[in-house]
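**Student:** Produce the complete structure using the sequences and hints provided.
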Amino acid sequence: MDDPLNDPLPGGGHTSPWFRTPPAAPADEPQPVAYDAPLAYDEAHSFTYDEPQPYSYEEPQPSSYEEPQRALDSFEEPQPQPQPQLQPQPHVHEEPQPQSYEEPESYAEPVDDETVGLRTADTRRAAEGADRADRPEAEESPAPTGEGRAARRKAAQQAARRSVVGVVGGGGGRRRRTPGGTAAAATSETKADGKPLSRVEARRAERARRPSPAVVASRAVGELFISVGVLMLLFVAYQLWWTNVRAGQEAGSATDTLQEDWASGKRKPGAFEPGQGFAIMHIPRLDVVVPVAEGIDKERVLDRGMVGHYAEGALKTAMPDAKKGNFAVAGHRNTHGEPFRYVNRLEKGDEIVVETQDKYYVYSMQTILPQTSPSNTGVIAPIPKGSGFTEPGRYITLTTCTPEFTSTYRMIVWGKMVEERPRSKGKPDALVR
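Here this note's numbering = 1-based position in the sequence shown + 12.
Honestly, I wouldn't trust all of these hints.
DSS-like cross-link-like pairs, simulated, lysine-lysine; straight-line CA separation at most 30 Å [to be verified]:
id	residue 1	residue 2
1	Lys439	Lys328
2	Lys428	Lys335
3	Lys336	Lys310
4	Lys207	Lys335
5	Lys371	Lys310
6	Lys371	Lys278
7	Lys439	Lys278
8	Lys278	Lys397
9	Lys371	Lys335
10	Lys166	Lys207
11	Lys437	Lys336
12	Lys437	Lys397
13	Lys428	Lys397
14	Lys428	Lys360
15	Lys439	Lys360
16	Lys328	Lys310
17	Lys278	Lys360
18	Lys371	Lys397
19	Lys397	Lys360
20	Lys439	Lys428
21	Lys328	Lys397
22	Lys428	Lys328
23	Lys336	Lys428
24	Lys360	Lys437
25	Lys371	Lys439
26	Lys336	Lys371
27	Lys278	Lys328
28	Lys428	Lys371
29	Lys336	Lys278
30	Lys360	Lys328
31	Lys328	Lys371
32	Lys310	Lys278
33	Lys437	Lys371
34	Lys335	Lys439
35	Lys310	Lys428
36	Lys278	Lys335
37	Lys371	Lys360
The following label-pair restraints were derived from C-beta to C-beta distances [said to hold, decoys possible]:
id	residue 1	residue 2	range
38	Leu245	Arg435	43 to 49 Å
39	Pro382	Phe237	36 to 42 Å
40	Leu243	Glu213	24 to 30 Å
Worth flagging that the hints you see were computed from the coordinates, not collected in a lab. All values derive from a computational prediction rather than experimental measurement. Each residue gets a CB set at the ideal place from its N, CA and C atoms; glycine is no exception.
**Tutor:** Written out as C-alpha cells, the structure is:
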C-alpha cells in the first residue's frame with residue numbers, strides 16, 4: 013500500500029465515478045507546517061523502580077516556510093516527515109534514607125481529675141513555684157492555647173503531677189524554697205506516699221481548715237469593739253478640739269461685730285433679746301476676752317463660746333449699770349471655747365472688767381466657792397449666799413461646771429465693783445497694763 017490515507021484502494025485509483033482528483037495547489041499556496049508528534053512510550057522497557065521517570069521531550073522544529081504560490085491549477089501532496097526514534101534513558105535508583113527514631117516519653121500515672129479540681133489557688137501557686145525551682149526552664153512547657161478540652165485537661169494533670177513538692181505525714185512536712193526565697197510548705201492534699209487525696213479526704217481536709225463558729229464569733233466581736241473604740245476616739249476629738257475651734261471662731265466674730273456696732277452707733281443701751289450680745293468681759297490674769305450675751309441658752313449662747321447673763325424667770329439678775337444688784341454670768345469650763353477653764357486660778361484682788369457701749373465696769377475678785385450643787389440658786393442672789401457679803405452692793409458672780417469634763421457640781425467666783433469708768437476717759441488701768 014503506497015499511502016493508506018490518500019490511496020485507500022489498491023492500484024492507486026478510484027473506480028467511483030463520483031470521485032474527482034482535486035486540482036493541484038498553486039505554487040504560492042502556503043504549505044502546512046509539520047510538527048513532530050511525541051513518540052509512544054516503549055512499554056517493553058522494564059525498570060527496576062516502581063515509579064517511572066519522565067523521558068526527555070524535544071521541542072519540534074518548525075519546517076522551512078515557503079512563499080505561497082498564486083497558481084490555482086497545481087497542488088502538491090504534503091510529504092511525511094521522518095520521525096525520530098525515542099531513546100530510553102537509564103533509571104538511577106536511590107537508596108531510601110533511614111529516618112531518625114525518637115524515644116517516646118515515659119508514661120506517667122494519671123491523676124484523679126476530681127482531686128485536682130479541689131485544689132485551691134494558693135496551693136497551686138505554691139506548688140508551681142516550688143516545681144519551677146526544681147525543674148530547669150527548658151523542661152517547662154507553656155499551656156496549650158487554642159486546643160480542645162482534652163488537651164487542657166492533660167496539661168492540668170501534668171501540672172498537678174509536678175506540683176507535689178513535699179510529703180506530709182504525722183503532722184509535719186518538708187519545705188522547699190521557691191525562686192522568690194519564701195518557704196512553700198507541703199499541702200495537706202497529698203498522702204504520705206505523695207499521691208493526691210481522694211474526693212472525700214480532700215473535703216475533710218477543706219472542712220478542717222475552715223474556722224470554727226467560735227473563731228468567727230470572736231472575730232466579729234473584736235471588729236465590733238474596734239469600731240466602737242474608733243467612734244469614741246472620734247467623739248473625744250470632736251468634743252475636746254473641734255468644738256473649741258468652732259466656738260472660738262464664733263465668739264471672735266461676735267466680738268468684732270459688737271465693737272463695730274458700738275463704733276457706728278447702731279447699738280443703744282437698754283433691753284436685749286435672748287442670744288444678743290451686749291458687753292465684752294476681760295479677765296487680764298487669764299488672758300480671756302469673751303462676749304457677753306443675754307440668756308444662758310446652751311445652743312444659742314454657751315455652745316457658741318460666749319458667756320451668758322442670767323436674765324430669765326426666777327434666775328434673773330441685775331445688769332452692770334444697776335445701782336445695786338448682782339451681775340451673774342455662766343460659761344463653759346471645758347469644750348465649746350471654755351472661757352472659764354482656769355477661773356480656779358484667780359486670786360483675791362484680780363480684776364474682772366465688763367466693757368459696754370458707754371462705760372467700763374471694773375470688779376475685784378473677792379472669794380471663790382470650789383464646789384456646790386447645781387440647784388443652789390442662792391449663789392446668784394442680790395446678796396450672794398456664801399460669798400461673805402452682808403450688805404446690798406454691786407457684785408459680780410461667775411458660775412461654771414466642776415470637776416473638769418463633768419457637770420456634777422458648780423464652781424462659784426464672786427467679785428465686787430471697784431470702778432465705773434466712762435469710755436470717754438479711756439480704758440481702765442487693768443486693760444492698759
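**Student:** With reference to the structure, classify each hint as holding or not holding.
**Tutor:** Here is how each hint holds up against the structure:
1. Lys439 - Lys328: holds (29 Å)
2. Lys428 - Lys335: holds (13 Å)
3. Lys336 - Lys310: Holds, at roughly 28 Å.
4. Lys207 - Lys335: violated (105 Å)
5. Lys371 - Lys310: Given that 30 Å is the threshold and the Cα spacing comes to 28 Å, the pair holds.
6. Lys371 - Lys278: Holds, because 16 Å separates the two Cα atoms, which is no more than 30 Å.
7. Lys439 - Lys278: holds (21 Å)
8. Lys278 - Lys397: violated (38 Å)
9. Lys371 - Lys335: holds (14 Å)
10. Lys166 - Lys207: Satisfied, since the Cα-Cα distance of roughly 17 Å is no more than 30 Å.
11. Lys437 - Lys336: holds (23 Å)
12. Lys437 - Lys397: This hinted pair is violated, its Cα atoms lying about 35 Å apart.
13. Lys428 - Lys397: holds (14 Å)
14. Lys428 - Lys360: holds (11 Å)
15. Lys439 - Lys360: Status holds; Cα separation ~22 Å.
16. Lys328 - Lys310: Within the cut-off at roughly 16 Å; holds.
17. Lys278 - Lys360: violated (37 Å)
18. Lys371 - Lys397: holds (28 Å)
19. Lys397 - Lys360: holds (18 Å)
20. Lys439 - Lys428: Holds: Lys439 and Lys428 sit about 19 Å apart, inside 30 Å.
21. Lys328 - Lys397: Roughly 16 Å separates the two Cα atoms, so the pair holds.
22. Lys428 - Lys328: holds (19 Å)
23. Lys336 - Lys428: holds (11 Å)
24. Lys360 - Lys437: holds (26 Å)
25. Lys371 - Lys439: holds (9 Å)
26. Lys336 - Lys371: holds (17 Å)
27. Lys278 - Lys328: At roughly 26 Å apart (the allowed maximum being 30 Å), Lys328 and Lys278 satisfy the hint.
28. Lys428 - Lys371: Cα-Cα ~17 Å, so holds.
29. Lys336 - Lys278: holds (28 Å)
30. Lys360 - Lys328: Cα-Cα ~26 Å, so holds.
31. Lys328 - Lys371: holds (22 Å)
32. Lys310 - Lys278: At roughly 27 Å apart (the allowed maximum being 30 Å), Lys278 and Lys310 satisfy the hint.
33. Lys437 - Lys371: Distance of about 9 Å is within 30 Å: holds.
34. Lys335 - Lys439: Distance ~21 Å between Lys335 and Lys439 Cα, so the pair holds.
35. Lys310 - Lys428: It holds: about 27 Å lies between the C-alpha atoms, which stays within 30 Å.
36. Lys278 - Lys335: holds (25 Å)
37. Lys371 - Lys360: Holds, because 24 Å separates the two Cα atoms, which is no more than 30 Å.
38. Leu245 - Arg435: 43 to 49 Å: holds (48 Å)
39. Pro382 - Phe237: 36 to 42 Å: holds (38 Å)
40. Leu243 - Glu213: 24 to 30 Å: Between Leu243 and Glu213, where Cβ atoms are some 47 Å apart, the hint is violated.
Checked against the numbered hints listed earlier, the structure breaks hints 4, 8, 12, 17 and 40; every other hint is satisfied.
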